[in-house]
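Q: Residue strings, one per chain:
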Amino acid sequence: MLDVSVVVNNFRFLIVQGLLGLGGFTGGTLRLAIPAIVLGFALGIFVGLARLARSRWIAVPAMLYVEFFRGVPLVMVIFWIWFVIPQLLRMPIPEYGVALTAFVIFEAAYFGEIVRAGIQSVPRGQVEAATGLGLTRAKTMRYVVLPQAIRNMVPSLVTQMIVLFKDTSLASIIGYVDLTKAAQIVNNREIKPFELYLFIAVVYWLCTYSMSVVARRFERRPA
Amino acid sequence: MNYTFQWSVLWSGQSGGWLLQGLITTLELSALAWLLAALLGIVSGAMRTVPWRLLRTLATFYVEFFRNVPLLVWMFFWYFGVPPLLPEAVREWLFDHGAEFWAGMFALGVYHGARMSEVIRSGIQSIPRTQFEASVAMGLTTFQAYRLVIVPIALRLIVPPATSESLNLLKNSSVALTISVAELTFQTRQIETYTARAIEALTAGTLIYLVLCVGIATIMARVERRFAIPGLIARGG
Numbered sequence: 001m002l003d004v005s006v007v008v009n010n011f012r013f014l015i016v017q018g019l020l021g022l023g024g025f026t027g028g029t030l031r032l033a034i035p036a037i038v039l040g041f042a043l044g045i046f047v048g049l050a051r052l053a054r055s056r057w058i059a060v061p062a063m064l065y066v067e068f069f070r071g072v073p074l075v076m077v078i079f080w081i082w083f084v085i086p087q088l089l090r091m092p093i094p095e096y097g098v099a100l101t102a103f104v105i106f107e108a109a110y111f112g113e114i115v116r117a118g119i120q121s122v123p124r125g126q127v128e129a130a131t132g133l134g135l136t137r138a139k140t141m142r143y144v145v146l147p148q149a150i151r152n153m154v155p156s157l158v159t160q161m162i163v164l165f166k167d168t169s170l171a172s173i174i175g176y177v178d179l180t181k182a183a184q185i186v187n188n189r190e191i192k193p194f195e196l197y198l199f200i201a202v203v204y205w206l207c208t209y210s211m212s213v214v215a216r217r218f219e220r221r222p223a
Numbered sequence: 224m225n226y227t228f229q230w231s232v233l234w235s236g237q238s239g240g241w242l243l244q245g246l247i248t249t250l251e252l253s254a255l256a257w258l259l260a261a262l263l264g265i266v267s268g269a270m271r272t273v274p275w276r277l278l279r280t281l282a283t284f285y286v287e288f289f290r291n292v293p294l295l296v297w298m299f300f301w302y303f304g305v306p307p308l309l310p311e312a313v314r315e316w317l318f319d320h321g322a323e324f325w326a327g328m329f330a331l332g333v334y335h336g337a338r339m340s341e342v343i344r345s346g347i348q349s350i351p352r353t354q355f356e357a358s359v360a361m362g363l364t365t366f367q368a369y370r371l372v373i374v375p376i377a378l379r380l381i382v383p384p385a386t387s388e389s390l391n392l393l394k395n396s397s398v399a400l401t402i403s404v405a406e407l408t409f410q411t412r413q414i415e416t417y418t419a420r421a422i423e424a425l426t427a428g429t430l431i432y433l434v435l436c437v438g439i440a441t442i443m444a445r446v447e448r449r450f451a452i453p454g455l456i457a458r459g460g
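Protein chains in written order, with this note's numbering: chain A, 1 to 223; chain B, 224 to 460.
Chain A with its partners taken away, still in its complex shape (with noise of 0.2 angstroms):
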């Protein structure tokens, strides 16, 4: 009843093109989702500090774009800067581009919240302390909150990677060639809907099954 012989046939173009981004043209789930995470990640320690800066300037307007992006839909982000962004610096941006800027924007809100979560996690004494050893804000960040703060982040930050990575799939409805989109492609000719998505499903889940297998791992060992 399941035809494999359609996965089998189109194995190369859908994991080499579609999942890792090898090859000639723009494309694939890694090449979007590596960047994305790494950016994602970076813009968010500011938007988390920025979170708990002492100045009202910097807090609010930081408080004002988590909230803003938790309360919309990534696809209404996505449309956002598929039709502004070009409207704006007046010449055409390629999906990809597109893609990634919508994904950083976003996920950094979620990544922001987190990093705070994880910096207020760590008791005050520890602060009082560092300060009481002579040491500058800055250094008791570098040196006592943030070692510990990303230690307690390191769960809830690995569940963001593997959000955003599932989330990738979304770059498909603005054209670009990600798994899905191969998926897409190779049933358009070959109309076997079934294997298909079924199969994408599997490699989705083998991926990010994996990326939480290897998170728990990472937990476990004491720091």
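A hint or two may mislead.
Ranges of calculated distance between the beta carbons of each label pair, as one might list FRET restraints [unchecked claim]:
| no. | chain 1 | residue 1 | chain 2 | residue 2 | range |
| --- | --- | --- | --- | --- | --- |
| 1 | B | 354 | A | 3 | 50 to 58 angstroms |
| 2 | B | 419 | A | 125 | 54 to 62 angstroms |
| 3 | A | 93 | B | 278 | 49 to 57 angstroms |
| 4 | A | 26 | B | 452 | 52 to 60 angstroms |
| 5 | A | 93 | B | 452 | 46 to 54 angstroms |
| 6 | A | 209 | B | 354 | 42 to 50 angstroms |
| 7 | B | 316 | A | 121 | 49 to 57 angstroms |
Partial selection, computed: residues in chain B whose CB lies under 8 angstroms from chain A [to be verified]:
| no. | residue |
| --- | --- |
| 8 | 291 |
| 9 | 305 |
| 10 | 394 |
| 11 | 395 |
Here are some chain B residues pointing at chain A (derived, C-beta under 8 angstroms) [said to hold, decoys possible]:
| no. | residue |
| --- | --- |
| 12 | 234 |
| 13 | 401 |
| 14 | 425 |
Quick caveat, the hints were computed from the structure, so don't treat them as lab data. Treat the numbers as computed from the prediction; the structure is a model and nothing was measured. We put the CB at the ideal spot given by N, CA and C, even for glycine.
Fit chain B to the given chain A structure using the hints.
A: The following block gives chain B in isolation, referenced to the frame of chain A:
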């Protein structure tokens, strides 16, 4: 930027009606999917904590498989992949009655059921084991202990995470536009297509989502205070 705003496109012509229809479809889709997700979540979340291995394994398989695969893939799977396998009569009935809506509802409900399951499981596991032991000592069966003691307490404990999960469901209902369910994001795109006014259309859609999310979050904060069990939940302030 040289862009003249023309907000009137939102209420002139058909746009207003489209937005309203989109909002109604989004709410219907989310409400039905939420019911399915809550049912699946409660059953599978409770199953993951019971002392029978087979039930635990079944529930774990459901949760781990469905929540670790993108919702978009599930949308395509339920809309394109499953109907050809159904009996002729069922398929015809479905395509006469908005198959994309039902497929979208099912995809959303089953996906979020798996995520809701995790919320409920952690709620159940945060209840001291002694509650369960006391119930059994009083003569309740395991099923009765879950139905009368464990699940009612757990449901109150999980109001905050369940709320944020429900809001995720509402926002994720926008993914249904990929299988052409005419929900809010779909209608926003339609207005953009007809009027070529991207910024106005997107602003309207975005604001509606924001109002919905902020509104539900505010209501649920009240519900949480109302149903809190004194002494069980430590509340700051």
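Q: Indicate, hint by hint, whether the structure satisfies it.
A: Hints, verified against the model:
no. : hint                                : result
1   : 354(B) / 3(A): 50 to 58 angstroms   : holds, 51 angstroms
2   : 419(B) / 125(A): 54 to 62 angstroms : holds, 59 angstroms
3   : 93(A) / 278(B): 49 to 57 angstroms  : holds, 51 angstroms
4   : 26(A) / 452(B): 52 to 60 angstroms  : holds, 54 angstroms
5   : 93(A) / 452(B): 46 to 54 angstroms  : holds, 52 angstroms
6   : 209(A) / 354(B): 42 to 50 angstroms : violated, 32 angstroms
7   : 316(B) / 121(A): 49 to 57 angstroms : holds, 53 angstroms
8   : 291                                 : holds, 4 angstroms
9   : 305                                 : holds, 7 angstroms
10  : 394                                 : holds, 4 angstroms
11  : 395                                 : holds, 7 angstroms
12  : 234                                 : violated, 20 angstroms
13  : 401                                 : holds, 6 angstroms
14  : 425                                 : holds, 5 angstroms
Hint compliance for this structure: hints 6 and 12 are not met, and every other hint is.
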